[in-house]
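Q: Sequence:
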Amino acid sequence: MQPKYSVSIIIPTLNEEESIGKLVQFLLSNGDDRLREVIVCDAESTDNTVKLAREAGAEVLDKLPRSRAIQMNAGWKASSGSVLYFVHADTLPPSSYLDDIEKELEQGTDLGCYRFLFNSKRPVLRFNSFMTRFNALSFRGGDQTLFVKRNVFEDLNGYDESYEIMEEYDLLIRANKRFKFSIIPKDVKVSARKYEHNSYFRVNVANVVAFTMFRLNCSASAIKRVYFKMLRHPKDDRQVR
Numbered sequence: 001m002q003p004k005y006s007v008s009i010i011i012p013t014l015n016e017e018e019s020i021g022k023l024v025q026f027l028l029s030n031g032d033d034r035l036r037e038v039i040v041c042d043a044e045s046t047d048n049t050v051k052l053a054r055e056a057g058a059e060v061l062d063k064l065p066r067s068r069a070i071q072m073n074a075g076w077k078a079s080s081g082s083v084l085y086f087v088h089a090d091t092l093p094p095s096s097y098l099d100d101i102e103k104e105l106e107q108g109t110d111l112g113c114y115r116f117l118f119n120s121k122r123p124v125l126r127f128n129s130f131m132t133r134f135n136a137l138s139f140r141g142g143d144q145t146l147f148v149k150r151n152v153f154e155d156l157n158g159y160d161e162s163y164e165i166m167e168e169y170d171l172l173i174r175a176n177k178r179f180k181f182s183i184i185p186k187d188v189k190v191s192a193r194k195y196e197h198n199s200y201f202r203v204n205v206a207n208v209v210a211f212t213m214f215r216l217n218c219s220a221s222a223i224k225r226v227y228f229k230m231l232r233h234p235k236d237d238r239q240v241r
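Numbered per the working numbering, the sequence shown spans residues 1 to 241.
Hints listed in this document are in silico derivations from the structure and should not be mistaken for laboratory results. In this text, a Cβ means the ideal position worked out from N, Cα and C, and glycines have one as well. A few of these clues could be false.
[To be verified] Restraint-style ranges between C-beta atoms, simulated for each label pair:
{"no.": "1", "residue 1": "Arg66", "residue 2": "Ile173", "range": "20 to 28 Å"}
{"no.": "2", "residue 1": "Pro3", "residue 2": "Phe228", "range": "19 to 27 Å"}
{"no.": "3", "residue 1": "Asn30", "residue 2": "Phe139", "range": "25 to 33 Å"}
{"no.": "4", "residue 1": "Phe228", "residue 2": "Gln2", "range": "41 to 49 Å"}
{"no.": "5", "residue 1": "Arg122", "residue 2": "Pro3", "range": "38 to 46 Å"}
{"no.": "6", "residue 1": "Val208", "residue 2": "Gln2", "range": "14 to 22 Å"}
{"no.": "7", "residue 1": "Arg126", "residue 2": "Ser95", "range": "16 to 24 Å"}
{"no.": "8", "residue 1": "Lys229", "residue 2": "Arg126", "range": "24 to 32 Å"}
The task is simple: from the sequences and hints, build the whole structure.
A: Below, the structure written as structure tokens:
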């Protein structure tokens with residue numbers, strides 16, 4: 001008997017050799033006949049990301065432009081599942097992710113995400129994690145992963161590739177006008193690496209500035225330029241994750 005839903009997982013990457021192999025193995029080992037494929041969309045990584053992703057069992061699209069929106073849209077066009085699940089390389093969903101997504105879809109949800117929990121014992125980060133349980137745009141982000149019905153994503157024409165940053169926020173604004181969104185009451189584990197290279201205050205100020213510029217309709221290139229200027233990034237190639 002064919003499952004009612006088939007899920008394609010899409011992971012945009014740039015120099016993620018430390019996490020990509022483990023993530024792909026985790027997703028596949030906790031998958032079943034509902035999991036159609038895991039597609040890694042790589043933007044010319046200079047490390048072993050592509051090699052490790054393939055060895056772990058992922059399909060890989062490589063040599064893509066360094067733009068998460070473009071990378072994730074490429075994954076969408078190469079996928080075949082009735083549900084798209086976008087996952088960042090430095091996150092780890094619950095092992096029950098397929099059951100969780102199916103449960104939400106059965107309840108009429110069109111797209112949704114998890115809450116998140118940083119992989120850090122720093123008490124101050126618990127506040128950020130706590131706020132992700134609330135359904136407000138300012139508390140969203142790609143780190144929480146995003147599942148969306150394929151027909152809904154196609155109706156929205158995917159991510160707007162003019163966005164070099166904040167592409168998830170743009171998609172959610174467009175989606176929330178017409179489709180049902182939900183937050184799964186479980187946590188995705190998220191890397192705290194950005195906070196390890198910057199102070200808590202600096203990261204949160206940068207986030208507020210970027211979000212405010214987005215709401216003021218500043219250009220994506222301007223938002224990205226300001227955001228990078230405010231933060232030290234753990235990647236030499238400096239792409240917002």
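Q: Are the hints correct? Go through all of them and say.
A: Hints, verified against the model:
For the pair Arg66 and Ile173, the supplied restraint of 20 to 28 Å holds, since their beta-carbon distance comes to about 24 Å. In this structure the supplied range 19 to 27 Å is violated for Pro3 paired with Phe228, their Cβ-Cβ distance being about 42 Å. Between Asn30 and Phe139, the C-beta spacing of about 26 Å keeps the proposed range 25 to 33 Å intact. Taken as a hint, the range 41 to 49 Å holds for the pair Phe228 and Gln2, whose Cβ atoms sit roughly 46 Å apart.
Here the CB-CB span from Arg122 to Pro3 is close to 40 Å, well matched to the stated 38 to 46 Å. In this structure, Val208 and Gln2 break the distance hint of 14 to 22 Å, their C-beta atoms being roughly 46 Å apart. In this structure the hint that Arg126 and Ser95 lie 16 to 24 Å apart at CB holds, the actual value being about 22 Å. The beta-carbon spacing between Lys229 and Arg126, approximately 28 Å, falls within the hinted interval of 24 to 32 Å.
In the structure shown, a violation is registered for the earlier hints numbered 2 and 6, in ascending order.
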